[in-house]
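Colleague: Chain by chain, the residues:
Protein chains: 2
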Amino acid sequence: MNYTDRIKFVPTEMKKEKPLTDQLEFGKTFTDHMFMMDYDQEKGWHDPKIVPYQPLIIDPAAMVYHYGQTVFEGLKAYLTEDNRVLLFRPEKNMTRMNSSNERLCIPPIDEELVLQALKKLIAIDRDWIPASEGTSLYIRPFVIATEPYLGVAPSKKYKFMIILSPVGSYYKEGIHPVKILVENEYVRAVSGGTGTVKTAGNYAASLKAQELATSKGYSQVLWLDGLHRKYIEEVGSMNIFFKIKGEVITPALNGSILEGVTRNSILMLLNHWGVPVTERKLSIDEVYQAAIDGELEEAFGTGTAAVISPVGALFMNEQEILINNGRTGELSKKLYDTLTGIQLGTQPDPFNWMVEVQS
Amino acid sequence: MNYTDRIKFVPTEMKKEKPLTDQLEFGKTFTDHMFMMDYDQEKGWHDPKIVPYQPLIIDPAAMVYHYGQTVFEGLKAYLTEDNRVLLFRPEKNMTRMNSSNERLCIPPIDEELVLQALKKLIAIDRDWIPASEGTSLYIRPFVIATEPYLGVAPSKKYKFMIILSPVGSYYKEGIHPVKILVENEYVRAVSGGTGTVKTAGNYAASLKAQELATSKGYSQVLWLDGLHRKYIEEVGSMNIFFKIKGEVITPALNGSILEGVTRNSILMLLNHWGVPVTERKLSIDEVYQAAIDGELEEAFGTGTAAVISPVGALFMNEQEILINNGRTGELSKKLYDTLTGIQLGTQPDPFNWMVEVQS
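These protein sequence lines map, in sequence, to chains A and B.
Note that this note's numbering has the first sequence beginning at -13, numbered continuously upward.
Note that this note's numbering has the second sequence beginning at -13, numbered continuously upward.
Derived from the structure by calculation, the hints contain no laboratory data.
A few of these clues could be false.
If chains are identical, the list can't say which one is meant, so a pair holds when it fits in one copy or spans any two.
[What the hints assert, rightly or not] Cut-off 30 Å, straight-line C-alpha distance, at most; resulting in silico cross-link-like pairs (DSS-like, lysine-lysine):
#, residue 1, residue 2
1, K158, K143
2, K4, K143
3, K2, K142
4, K29, K231
5, K78, K145
6, K62, K158
7, K142, K105
8, K1, K105
Quick caveat: nothing in here was measured; it's all calculated off a predicted structure.
Just chain A, same shape as in the assembly (with noise of 0.2 Å):
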């Protein structure tokens, strides 16, 4: 079905300043208009339109500032050597998106609607865009509750939008490892909660355990299970995976693992090559002993920042272990060279995974 007609669209009058492309930043600079559409219990999602980005005008007393029912998804449009714009995946966030809507009681978007509004945002702000290699636009969709009401309840009321932000390169000096700590203390999430979808309260739970990391010198927390405290979960906002004696093994989604699109990827991928790759519980004290014997290859993150984020270090217990002497492995560089390929049009897309937005 065609919605693209539907979405009304009100031209900014002052086109912002791009910012350099060297001087780009993660999340910081927003282009000239955004998208938006309205949810109340009478006409359901109703009022897309795509209009100059501006803020919100919102009662102090919405849902969204007290009981934070919230949802979001983060992707990135690339443009390609032959000036095309690509996207990957998209589809899988929207699927992802109502799932977290499913989880936090938010009345589900209609995916392909959503996905035309997508497309259609991204051609208008073409411009925006950035050409240089690492860098991209990156597309968050959210959903926040608007009705001013202070009772614990869902709410009547939602505002579902799309912003873009064009962002660096990730590795503005090549992909290189970062170092690991073991969190010991927080717990992002635990099976029961909502550490399966993507919604804010994962995340602000998560930032004083990282503010401690920073502080002691590490890059990201490795997270534990909120029951043993023992099983491996993701790494800062990322997917982990370890290449322990030629095997690639992820934590299996437990119910307290988000289920990333580039993990997903990272696993249609080896497959495809033959790597063996298993999904299955892993505990910190395994990769340790692996580590001693000597057996531990590689480590690596994965997420849509920073697609694969290589773990050199691990701390824990007044221990540190190097992973591949602090190196990036063989295997991380390779995924990395071929995602990176495939989302930038310059390598075979053997999935079918990107999308061109039409001028």
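Following the hints, complete the assembly by docking chain B onto the known chain A.
Modeller: Here is chain B on its own, set in the frame of chain A:
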């Protein structure tokens, strides 16, 4: 220190119509004014002011919408028969707000300034405090992260606000017991998470279970611990107490339970009266066995909104147990009458809990 003169006041030019007292609902109507102040890294908390109640104008990339960095409090002001305005232990809420701030990486507020701001705001909107039995003015202080930035990190900008809402009697037809569903799928919080503090994510996570309980005809859910799914934590968004063989038992603060101001006050009152009371681990099995043995005498939730909420029945594993034949227990009633009496100034206040707001 007297901060009152430093708080700017911009009176409204158009006073709103006040709702009829018998039509008051919880948290839907707001008074003529609100307090706000801003935080940035240069100036710290600054520009405290009381202004007409109005919508907030906030960037769609503000971090509160995406990563839920926000905390809140809830307390009440009461109008006495001799026309005085009383607050119930407001300093406890300010102290807890700073505990919440610490966990959420939000800069601490000046508790004394905020308390004075609260009193000044209430004095200005004093006419909004409803007078009939069981009514009060609900006070909602809260902080939201306002920096427009999509990186997962503590915000560099915040707004602190206080809004006021006249609320009707929680029990329109007198105090009465509710039916509770023991929740065995969803989890409210886990040790190492954010369950001990008042932050949005806890409430967002609770909506789904509450929705399911409501659809089955229950008023609230009884939360079990996330580790063993066995020990009792809270009921809905209240703390919980059980009276078994003459002894009152409430779950000990264990790292995932909120330290309620009403909970603390109940403990003090019971000790003062010489009623045996214990804070300890309490399993749902122990409660069921006590019920079977005829030893479960009373159960009640405690919180700012209801003060005391008697539990008349518990439902778990297809089995419903009645408590005190579904009627309000003697001790529950005595605690309710005493606490509301202290709050309304009709009963002696042995601990000097009440704080008067001067006109």
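Colleague: Are the hints correct? Go through all of them and say.
Modeller: Results of checking the hints against the structure:
1. Taking the shortest alpha-carbon separations for K158 and K143, only the inter-copy value of 27 Å comes in at or below 30 Å, while the best intra-copy value is 42 Å.
2. In this assembly of identical chains, the alpha carbons of K4 and K143 lie at most 30 Å apart only when taken from different copies (24 Å versus 34 Å within one copy).
3. In this assembly of identical chains, K2 and K142 lie within 30 Å of each other by CA distance solely across copies; the values are 24 Å between and 35 Å within a copy.
4. In this assembly of identical chains, K29 and K231 lie within 30 Å of each other by CA distance neither inside one copy nor across copies; the values are 57 Å within and 54 Å between.
5. In this assembly of identical chains, K78 and K145 lie within 30 Å of each other by CA distance solely inside one copy; the values are 21 Å within and 35 Å between copies.
6. With identical chains, the CA atoms of K62 and K158 are at most 30 Å apart within one copy only, with a shortest distance of 18 Å there and 53 Å across copies.
7. Proximity of K142 and K105 under a CA criterion of 30 Å is satisfied intra-copy only: 28 Å inside one chain copy versus 32 Å between copies.
8. Proximity of K1 and K105 under a CA criterion of 30 Å is satisfied intra-copy only: 20 Å inside one chain copy versus 46 Å between copies.
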